[in-house]
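Visitor: Sequence:
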Amino acid sequence: MVMMRTFLRLGRLYTAAPWRVLAALLCTSVMVLLILAVPWLLKDVLDEGLAQHQMAALYRVGALLVVVTLLRGLAAYGQSYLHALLAQELAYRLRNALYDHIQRLSFAYHDRAQTGDLMSRVTADVEAVRMFFQFGWPTGLSIALAGFGTIVAMAGLDWRLAGLTLASTPFFLLVILGIGRSLRPLQEQGQASTAALTVALQESLAGIRVVKAFARERQQSAAFLRAAEALAHARIAVATKEALNLPLLVLLLSLAVALVLYVGGRQVIAGAMSLGTLVAATGYLVQLAQPLRRLSWLTGMVSLCQTGAERLFTILDAVPEVQEAPQALALSHMTGLVRFEHVSFRYSAEVPVLDDITFSAAPGQIIALLGSTGSGKSTIAQLIPRFYDVSSGSITIDGVDVRTCQLASLRQRIGIVMQDTLLFSTTIRDNIAYGREDLALEAIIEAAQAAQAHDFIRQFPEGYDTWVGERGVTLSGGQRQRIAIARAFARDPRLLILDDATSSVDMETEFLIQRALSALMAGRTTFIIAQRLRTLKQADTILVLDEGRIVQRGTHDDLVEQPGLYRRIYDLQLRDQEDFGLDVARNGHLSTRQVPSQVSTA
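In our numbering, the protein residues as written are 9 to 610.
Keep in mind that the hints were calculated from the coordinates and are not lab data. Note that the coordinates shown come from a computational prediction; the quantities given were computed from them, not determined experimentally. Cβ atoms here follow ideal geometry from the backbone N, Cα and C, with glycine treated the same way. A few of these clues could be false.
[Unchecked claim] What follows is a set of in silico ranges between Cβ atoms, one per label pair, in the way DEER data are often shown:
id: 1; residue 1: L324; residue 2: S399; range: 25 to 33 Å
id: 2; residue 1: E237; residue 2: R274; range: 56 to 64 Å
id: 3; residue 1: I244; residue 2: Y270; range: 36 to 44 Å
id: 4; residue 1: T366; residue 2: R234; range: 46 to 54 Å
id: 5; residue 1: E237; residue 2: T434; range: 33 to 41 Å
Kindly produce the complete structure, drawing on both the sequences and the hints.
Guide: Structure, rendered in structure tokens:
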């Protein structure tokens, strides 16, 4: 039943262009019909031409054979072209549906999924489905039509020979289905091994700098070798099982031919059957030899297609944890009033992250979030644009619950700079304008200037048209961070979320960026996951988090006078920035004294 549901679902995608499907079926049917005509023509050669010494019959049959061959070639071309076209269109629809659905899946899904495994499914599993519908399905259809046509044709020749052929059919099906059933778990293991190999390759290449920095090339090669060996063993196990199919089918076919020759030969000797009829009947069985030999290959392809399709449907059937309400509202305007009301959040029942968070941010206010690792700072920032949904409580913007808003309209009005800066393999200009494709160059330059990125961009020979490498690896960490900040400001959002946005810049650059941020944040509600003392002093409210709870709130001047977590962090990690900030403000540049280290409270 599972197999039937899987192929019915694939069939609905495959038949999206029904006229092409019908044309492909017609070509296949015509080709099989013309193949079946050849033994019947040979019967006429023997019974009418040779037995009765009729040269006219030989000429007529010879001409018909030429016509049949030409028409068969045209039908074969049509079959190959149309089935290839339909299979490629199916793969195209599957890949697009998968990519679109993966893009729509929530952060929680991607937290669990492995990038390499998703890549394997979109490539290897889709290819397995395509191969079946381009080669396996036409072959299976041809075999089915040829088998049915053979029995019908043999019934027209002699009912006894047709009965013998029909009686042998269950044995062929028993071999095919039995081996196919045993191949299924082996194919699943093979596809899982392919995904594991892709994961190992993707992680190794993505982290190649870390691998080289720690001199772990040998260990990474050994890990890849183990994954490759597992895949090889899985494929060998499949090949071993498939190898049983061919000799068993050939044996059954040979027995069927021998039985037909024995029964038919006795009839010919007795004068109850013509020699042409026996030769034609034997020819029909021999014609089935080549398709039946391909059944071993087809059995494996069916199993591989089913396994791949089920892995694909696992993704397509995944339901996003964050979904739009049926009557979701489009935010046409945002002033930036944000309220958290008794918000709790947990990634799972066993992993609580936030507990009873309540606060509000008025339009234009700066809210700084401070706390140790795992205290929930980033989670608060990620709940505002609905990367996750609250477990209880509510978050409202301008009095509207974010769960009732259209996701696109909500996120388009929020500028975000994430802790893990990612740039795309395109130009600096395109990276800054990401999400605002219609943005003019003047606006891009203005955003870059605000993020203190314009000067270093201008030094590149191609300026804003400079291509950055994968994930922006051709730029320094500080350069990537500033381009990411420019990208957020280019959207001109009403609400800013800066998740550790200055973590990859030096103190002097950070000081310059903060001066620009002061102007850019004016009139915008801003949430900053703070690392620097200057940021904390700018904030209208500082929320100090510990184990998912707000344990202190207030301004820097208020909190530094109170005993508690904030003052401990200030004494241990922030106080050494006090004199440094005064020195930079007085001189306008770094002094020769040692630059204080960044605060490790992210």
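Visitor: Against each hint, give a clear statement of whether it holds in the structure.
Guide: The hints, checked one at a time:
L324 and S399 have their C-beta atoms about 27 Å apart, which keeps the hinted 25 to 33 Å range intact. Against the hinted window of 56 to 64 Å, the Cβ-Cβ separation of E237 and R274 comes to about 57 Å, which satisfies the hint. At about 40 Å, the beta-carbon gap between I244 and Y270 stays in the expected band of 36 to 44 Å. In this structure the hint that T366 and R234 lie 46 to 54 Å apart at CB holds, the actual value being about 51 Å.
The given range of 33 to 41 Å is respected by E237 and T434, whose C-beta atoms sit roughly 38 Å from each other.
Of the numbered hints stated above, none is contradicted by the structure.
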